[in-house]
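**Student:** Spelled out, the chains give:
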Amino acid sequence: MKNNVLSGALLGLGLATTLDEVVFHQLLHWHHFYDKSTPAVGLVSDGILHAASFFAAVAALFLLASLRRQGTFQARPWWGALLVAAGAFQLYDGTVQHKLMRLHQIRYGVDLTAYDWSWNIVAVLLIVAGTVLLARFRRAVVA
Amino acid sequence: MAAAGAYAMGVERLRRRGVDWPPSRSLAWYAGVAVAAAAGLGHHHDFRAHLSAHLLLGMAAPILLVLARPVTLLLRALPVGPARRVAHVLRTPFMTHPLTAAVLDAGGLWLLYTTDLYAQAMARPWLHTLVQVHMLLAGYLLTAAIIGRDPAPHRPGPLTRGLVFLAFVAAHGILAKYLYGHPPPGANPGDAQIMYYGGDLLHLVVIVLFFRRVSAVAGGEPGRHASRYPDPAVADRPGQRWHVRGRLGR
Numbered sequence: 001m002k003n004n005v006l007s008g009a010l011l012g013l014g015l016a017t018t019l020d021e022v023v024f025h026q027l028l029h030w031h032h033f034y035d036k037s038t039p040a041v042g043l044v045s046d047g048i049l050h051a052a053s054f055f056a057a058v059a060a061l062f063l064l065a066s067l068r069r070q071g072t073f074q075a076r077p078w079w080g081a082l083l084v085a086a087g088a089f090q091l092y093d094g095t096v097q098h099k100l101m102r103l104h105q106i107r108y109g110v111d112l113t114a115y116d117w118s119w120n121i122v123a124v125l126l127i128v129a130g131t132v133l134l135a136r137f138r139r140a141v142v143a
Numbered sequence: 001m002a003a004a005g006a007y008a009m010g011v012e013r014l015r016r017r018g019v020d021w022p023p024s025r026s027l028a029w030y031a032g033v034a035v036a037a038a039a040g041l042g043h044h045h046d047f048r049a050h051l052s053a054h055l056l057l058g059m060a061a062p063i064l065l066v067l068a069r070p071v072t073l074l075l076r077a078l079p080v081g082p083a084r085r086v087a088h089v090l091r092t093p094f095m096t097h098p099l100t101a102a103v104l105d106a107g108g109l110w111l112l113y114t115t116d117l118y119a120q121a122m123a124r125p126w127l128h129t130l131v132q133v134h135m136l137l138a139g140y141l142l143t144a145a146i147i148g149r150d151p152a153p154h155r156p157g158p159l160t161r162g163l164v165f166l167a168f169v170a171a172h173g174i175l176a177k178y179l180y181g182h183p184p185p186g187a188n189p190g191d192a193q194i195m196y197y198g199g200d201l202l203h204l205v206v207i208v209l210f211f212r213r214v215s216a217v218a219g220g221e222p223g224r225h226a227s228r229y230p231d232p233a234v235a236d237r238p239g240q241r242w243h244v245r246g247r248l249g250r
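Residue numbers (this note's numbering), protein chains in the order written: chain A, 1 to 143; chain B, 1 to 250.
Calculated from the structure, these hints are not laboratory results. Some clues are possibly wrong.
[What the hints assert, rightly or not] Among chain A residues calculated to face chain B with C-beta under 8 Å, some are:
#	residue
1	Leu-43
2	Gly-47
3	Ala-52
4	Phe-54
5	Phe-55
6	Ala-59
7	Ser-66
For each residue, glycine too, the CB sits at the ideal point set by N, CA and C.
With the hints as constraints, model all of the structure from the sequences given.
**Tutor:** Given below as structure tokens:
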């Protein structure tokens, strides 16, 4: 159970940052690689998070492989943790990174209100869905 | 050339004593030497080309060279006396520590790109060569400290190694973004993205190799201590068959 949650959470973090990079930076070109108004603290925290997400994703996959090998993989807590972690990152990205640190914005040259709200609502929905999965699993185990 | 020749001589020596040396390791060595040579040959005034050469020299070549386990080969190919002296050098605590290597590597990069060292190196061929040699050596030390399987008596545990490499990857990414905002004279801002994304790709290779090793050790694969504490005197007597693992880097 513990390693299932750990593996799911690490992959959730890794996936969320990778999807952000691929979809919004590379495919849509909405986000900017580095917008010059970024303060130093934002640049440093972004660098550490970026590096950490690489480690997280790779560690998660090796952990998943070992869970499967041992036959202790459980889908529900794994997916639950993955969704919670992905949602938590998305919420952090949408509030702290975009707004507080002003690392970059979702899109440039448009009114951001709708973008910001949908970004953070998606994040909350992911967290809720993941929490429901985790809670259901816990109830099933206790019952 | 000398590096490739020396390695071939070592392998030949082992073979004559009836000791196997995996061909995959030799292949990795020659590939690493070729990549380093190709990257080191040009004197690039174009920043884009310079950064590509930097990635090849500082990370791609070191990964291949480390997988070839040159120190293990050296210890086995040398007679006992000189091998003992090499092992003695390896016991210097700070030399094989990942922190030393990370500071040398990342520190060198920051100096190169945030002072006028880059402009100076572009103007003076000898300085440029020195920068390239530093890049290759620092890259090798770092890669060896993180994923190396060569004997290193003072190699710290996976947590320290992982955290040091994480800090290095972060420093590399931050520097690449900084360069995007502050390119050296004559460079395009977009050039730094080669360093960022190319670096990511190569770091990912190191991270995968790192966790593969960590999970193999956690899964109870034997031989960790055997490779951590070498004793060249008994490492392989002539005629003794060396245990060969089939895959690279394991």
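**Student:** So, as I understand it, the hint says A:Gly-47 touches chain B; can you test that by seeing if any CB pair is closer than 8 Å?
**Tutor:** Because about 4 Å separates A:Gly-47 from the closest Cβ in chain B, which is inside the 8 Å limit, the hint holds.
**Student:** Does the CB of A:Ser-66 sit less than 8 Å away from some CB of chain B?
**Tutor:** Since the shortest Cβ distance to chain B is 6 Å, the answer is holds.
**Student:** Mind checking the CB of A:Leu-43 against every CB in chain B and telling me if the closest is under 8 Å?
**Tutor:** Since the shortest Cβ distance to chain B is 6 Å, the answer is holds.
**Student:** Does A:Ala-59 pass the interface check with chain B, least Cβ-Cβ distance below 8 Å?
**Tutor:** holds, 6 Å
**Student:** Classify the hint on A:Ala-52 as holds or violated, based on whether any CB of chain B lies nearer than 8 Å to its CB.
**Tutor:** Status holds, d = 6 Å.
**Student:** Hint A:Phe-55 vs chain B: min CB-CB distance below 8 Å?
**Tutor:** holds, 6 Å
**Student:** Per the CB criterion, is A:Phe-54 less than 8 Å away from chain B?
**Tutor:** A:Phe-54 check passes; min Cβ-Cβ to chain B is 6 Å, inside 8 Å.
Consistency note: the structure conflicts with none of the earlier hints.
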